[in-house]
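**Student:** Chain residues, written in single-letter form:
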Amino acid sequence: MSCERMESRILGYVDGRLKENERVEVEKHLADCAPCRLRVQEFSAVSGLLDELPLIEPSSEFDARVHALVAAEPVPKASWWAWLHFSPRIALAASFLLVMALYLGYGTDKRVEPPPDDQAMMQDLPVLEDHDVLQNFEPLKTLPAPVQADDASDTEQQQQM
Amino acid sequence: MVRTDVQLMLDVKAGDGTSFELLLQRYRTPLVNFLYRMVRNREQAEDLAQEVFLRVYRAREDYIPSAKFTTWLFRIATNLALNSVRDNRYQKLEVSIDAPVTVDAEDGDEKLLDVPEKHPNIEQHLVEDSRRKMIRHAIDKLPEKQRAAVLLHKYEELDYAEIAKILNCSESALKSLLFRAYEALRVELAPLVAHHVKQ
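Protein chains in written order, with the working numbering: chain R, 1 to 161; chain V, 1001 to 1199.
Hints are supplied without guarantee of correctness; some may be wrong.
Have a look at the derived ranges for each label pair, beta carbon to beta carbon [claimed, not checked]:
id : chain 1 : residue 1 : chain 2 : residue 2 : range
1  : R       : Met1      : V       : Ser1066   : 32 to 38 angstroms
2  : R       : Pro35     : V       : Ser1130   : 40 to 46 angstroms
3  : R       : Leu98     : V       : Glu1171   : 46 to 52 angstroms
These are computed hints drawn from the structure, not numbers from a lab.
All residues carry an ideal CB built from backbone N, CA and C; glycine is no exception.
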């Protein structure tokens, strides 16, 4: 290992954060490199000096200030989607109802063959429908009455003969 | 069983206020100390730490545990601290050079967690106080990104991957950054370092 490569590992070595194979590699280099050995000692000294700085205690009002800030936050308005999100039971019940509705609507649609008479009637249904259409066709109703007088006199004449 | 940070945050997301309180208790001291060492002003550090907690609370509904909670938390804190340091720098530039020189009020403003009675005499206390000032001064002189890297590495004990994410750089860039920071500290603290090495 070169001295340059040591730069990325020396602090990890001082803090004991290196992996086992990296540590072995560093120690192999240190055994032959006096400047890097000195650097390790100096960095250890710096690390020890940093430990001398004491911790400070947050002021007694600190928590109260945080609580006040949090309490002043507006309460978010939950949408009904969010309501569903936080109520898994309701979401489950809704899903169940949906599945049941689909099952009843489509799942039970087993086709039953109608009786033969009904089948014949259904086949003639277009004819019947045409009959109904013609019977109720308004323009036909407005037509003049059929010429029945001639026919009637013909009939009478035939009877007389 | 102790709940993890991520579990607590997910509980906060579900509306549990006591979980937020637990996160506050867990991270109030580390955050205030990190920010104090970044901005060197106690009041400002507390204001920033409160802002961090507020942002965590505001982001609760969108929280997705895609990274470690500490990575997210200290990323918010670091961004706030870096912005604050830059703002302070510009404010200082605007101060008149004729302004009277004042003693660094922050140095005497620390409520220490360790007990001062452990110092048997005043002379030793003064020596230690002088060393601390020197160390603080050396940290203050670091460029802000190097300072953040050292603080997160040394005091928060975050791993390289976390710190790299917080500082938005690669792990190799972070190692290089930390090496340069320790080099600068070694030079700045040379008398103290030499004393340690001799021992």
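**Student:** Work down the list of hints and note, for each, if the structure agrees.
**Tutor:** Against the structure, the hints:
1. R/Met1 with V/Ser1066: 32 to 38 angstroms: holds, 36 angstroms
2. R/Pro35 with V/Ser1130: 40 to 46 angstroms: violated, 30 angstroms
3. R/Leu98 with V/Glu1171: 46 to 52 angstroms: For V/Glu1171 against R/Leu98, whose Cβ atoms are near 50 angstroms apart, the range 46 to 52 angstroms holds.
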